[in-house]
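Asks: One letter stands for each residue in the lines below.
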Amino acid sequence: MSASPIYSPPTAAAAEAKESVVCAVCQASQSAASAEANLYVCPSCGAHTRISAHQRIHQLADPDSFREWDVDLEGSDRLGFFDTKAYVDRLDEARLRQHLPDAILTGSGRLSSIPVGLAAFDFGFLGGSLSTAVGERLARAIERSAEASTPFVCVTSSGGARMQEGVFSLMQMAKSVAALHRLAECHLPFISILADPTMGGSIASFAALGDIILAEPKAMIGFTGARVITQATYEQLPAGFQTSEFHHARGLIDKVVDRRQLREVLTQLLMVLSGPAGETGQAAA
Amino acid sequence: MTSGDGEGTASAQEMAEAWAHVEFARHPDRPYSLDLIQRCLDDFIELHGDRQGGDDAAVVIGLAKLNGLRLAVVANQKGRTLEERGRRNFGMAHPEGYRKAQRLFALAGRLQLPVVSFIDTPGAYPGVAAEERGQAWAIAQTLEAQLALTTPYVAVVIGEGGSGGALATLLADSVLVLEHAFLSVASPEAAAAILFRDAGRKQSAAAALCLEPDNLLKWGIADEIVPEPPGGAHTDWDGTAALLRPRLEARLQKLVADGFAPSRRRERYRRLDGLFKA
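Chains as they are written, first to last, in this note's numbering: chain A, 1 to 285; chain B, 1 to 278.
In short, the hints are calculated from the structure, not lab data. A couple of the hints might just be wrong.
What the hints assert, rightly or not - Looking from chain A toward chain B, a few residues come up when the C-beta cut is under 10 angstroms (computed):
1. A32
2. S76
3. F82
4. E165
5. V167
6. M199
7. G200
8. V228
9. K255
10. V257
Claimed, not checked - Pairwise CB distance ranges (calculated):
11. A:K255 to B:Q38: 27 to 35 angstroms
12. A:S113 to B:R26: 33 to 41 angstroms
13. B:P227 to A:K218: 49 to 57 angstroms
What the hints assert, rightly or not - Anything over 10 angstroms on all C-beta distances counts as not near chain B; from chain A, calculated:
14. V21
15. C23
16. C26
17. C45
18. G46
19. D83
20. E136
21. R144
22. G201
23. E235
24. F246
25. Q261
26. R263
27. L270
Everything numeric in this text was worked out from a predicted model, so none of it was measured. Quick reminder that beta carbons are idealized off the backbone N, C-alpha and C, glycines included.
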């Protein structure tokens, strides 16, 4: 398949078409322009709305610094999968709607002038699920970051495995962890940011292996979804179960960061991690 | 056959065959890990605990020999009696079980013992306590521990290989799968619940997921299918062990003889799909 224009980023006109944005939590209304300026965080109640991979990169990378990797790397339907709809049709619809070849956008960029490898998952693309193409794009992004001697920053928003790719999806967990070893060999940091939601195979592989793990407020994070736990065990779920704050309190996440402070916190981290590392470090060479 | 009415493309016969395969793998009389360890390996000594405060009985670790070759062993363990099923949580591990496996991988590296794993789990335990103690983190760290292991490593899927919980002891240099075992991204029930919003359509999901071990061989995820005695492993535990033992030994001897590097194992899992050019 040729690199078709359907993967081009969404136009400003598409955003302007929506006149106002209503918060799903508190129903407060704001203009589309104000929502974008507020990074899609509700100014009234602080609820963080899920954003697309393109929006995420736009929010984090310095203007015009992002260079997308593997622009037309896409997967295929290995199992000839058909549930209530053919998987190939689901893929085509998602590609058109989300302006992406699959559920992750990767590339090089700068964050407050610091060169980084960047990856952002797109929940709107089949729930941000782990397909072979997502796993491959992620692994390549990790390896390219290692080659370029830059830190790697990944924002995950993923329901976990992509059922329609069966065991191939499962094996992407292994692929991502194998790739992360390259970064570790080069003593380069992996900053893992968990956005709503980060579940299943995604949190049980690369996303939990960040040297530093940040999470957006009230994001749902966990291995097994709450509904499945209730059905399987009839257990009462504690208050705030599987939220960012829940995991932070249990030592599993370094810091819960409001999206409006995320760039600043990342800049501080990257600043402290870059530059000469002292007598024992190799980075000064 | 693509009807577009939401029934998928599998015929009734394909669904029945796929479901029969799942039922074979879950048969209550099937030999579990300890049954095969006792029959395939010599001098097994079980060890206990993750050294961090827990000892999950859903995961068994220990030391053994196979024709003189020293081994470290890690296995999912289901229970057979009502009491044992509860104690072993039907082979579904909590974070302590995965940390116990990590301890075994570390021990194997420290003493340079080849590792053999036996996989037989519906998946990681889906409970509140498991989540509170970092189930996902424990599995992720176990994946990492396997890819860092510096000794030869053979995995055997003996029954159910469910989801990330199975992957925690699967990332070996050689993967063997018993004839009636399966590896799946999710249990057919869970897949049906996600895909059709109806766990009752598990037969459809089982067919769609292509669970037959031949596919794992074709796709390069498994290296060898281990035949079971006529009628299946549940009819003849000794016969099953007799078929498995020489194949396991041959795989281990080959890895030991060929020389070995963890970088090769990482490369295997990095390039697994065979879809994308390096």
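Asks: Does each hint fit the structure? Answer for all of them.
Replies: Cross-check of the supplied hints:
1. For A32 (chain A), the shortest C-beta to C-beta distance to chain B is roughly 33 angstroms, which exceeds 10 angstroms, and the interface hint is violated.
2. The interface hint given for S76 (chain A) holds, since its Cβ lies 7 angstroms from the closest Cβ of chain B, which is under the 10 angstroms cut-off.
3. Here the hint on F82 (chain A) is kept, as its CB sits about 5 angstroms from the closest CB of chain B, short of 10 angstroms.
4. Against a cut-off of 10 angstroms between C-beta atoms, the interface hint on E165 (chain A) holds, since the closest Cβ of chain B lies about 8 angstroms away.
5. Checking V167 (chain A) against chain B: minimum C-beta separation of about 6 angstroms stays under 10 angstroms; hint holds.
6. This hint holds: M199 (chain A) has a C-beta 8 angstroms from the nearest C-beta of chain B, less than the 10 angstroms allowed.
7. A cut of 10 angstroms between beta carbons decides the hint on G200 (chain A): the least distance to chain B is about 7 angstroms, and the hint holds.
8. Given the 10 angstroms rule on beta carbons, the hint for V228 (chain A) holds: about 6 angstroms separates it from the nearest Cβ of chain B.
9. Restraint check, K255 (chain A) versus chain B: the minimum CB separation of about 16 angstroms is more than 10 angstroms; hint violated.
10. Violation of the interface hint for V257 (chain A) is found here, the shortest Cβ-Cβ separation to chain B being roughly 19 angstroms, above the 10 angstroms cut-off.
11. Remark: the range hint 27 to 35 angstroms for K255 (chain A) to Q38 (chain B) is contradicted by a beta-carbon distance near 49 angstroms.
12. Distance hint check for S113 (chain A) and R26 (chain B): the Cβ-Cβ separation is about 57 angstroms, which falls outside the suggested range of 33 to 41 angstroms.
13. A C-beta distance of roughly 52 angstroms is found between P227 (chain B) and K218 (chain A), which places it inside the suggested range of 49 to 57 angstroms.
14. Interface exclusion of V21 (chain A) from chain B stands, the closest Cβ pair being 29 angstroms apart, more than 10 angstroms.
15. Distance to chain B confirms C23 (chain A) as a non-interface residue, since its nearest Cβ pair spans about 27 angstroms, more than 10 angstroms.
16. Taking the minimum C-beta to C-beta distance to chain B, about 28 angstroms, the non-interface status of C26 (chain A) holds against the 10 angstroms cut.
17. The Cβ of C45 (chain A) lies farther than 10 angstroms from every Cβ of chain B, with a closest approach of about 26 angstroms, so its non-interface assignment holds.
18. Its beta-carbon lying about 24 angstroms from the closest one in chain B, G46 (chain A) satisfies the requirement of being farther than 10 angstroms from that chain.
19. Distance check for D83 (chain A) against chain B: the nearest CB is about 4 angstroms away, which does not clear 10 angstroms, and the non-interface claim fails.
20. For E136 (chain A), the requirement that its beta carbon stay farther than 10 angstroms from each beta carbon of chain B is not met, with the minimum near 5 angstroms.
21. Interface exclusion of R144 (chain A) from chain B stands, the closest Cβ pair being 13 angstroms apart, more than 10 angstroms.
22. The non-interface label for G201 (chain A) is inconsistent with chain B: the shortest C-beta to C-beta separation is roughly 6 angstroms, within 10 angstroms.
23. Distance check on E235 (chain A): its Cβ comes as close as 5 angstroms (rounded) to a Cβ of chain B, failing to clear the 10 angstroms threshold; non-interface status is violated.
24. Not every CB of chain B lies more than 10 angstroms from the CB of F246 (chain A), the least distance being 8 angstroms, so the non-interface label is violated.
25. Every beta carbon of chain B lies more than 10 angstroms from that of Q261 (chain A), the smallest distance being close to 24 angstroms; the non-interface claim holds.
26. Look at R263 (chain A): its CB is around 26 angstroms from the nearest CB on chain B, clear of 10 angstroms, so calling it non-interface holds up.
27. Every Cβ of chain B is farther than 10 angstroms from the Cβ of L270 (chain A); the closest lies at roughly 23 angstroms, confirming the non-interface assignment.
Hints 1, 9, 10, 11, 12, 19, 20, 22, 23, 24 from the earlier list are contradicted by this structure; the remaining hints agree with it.
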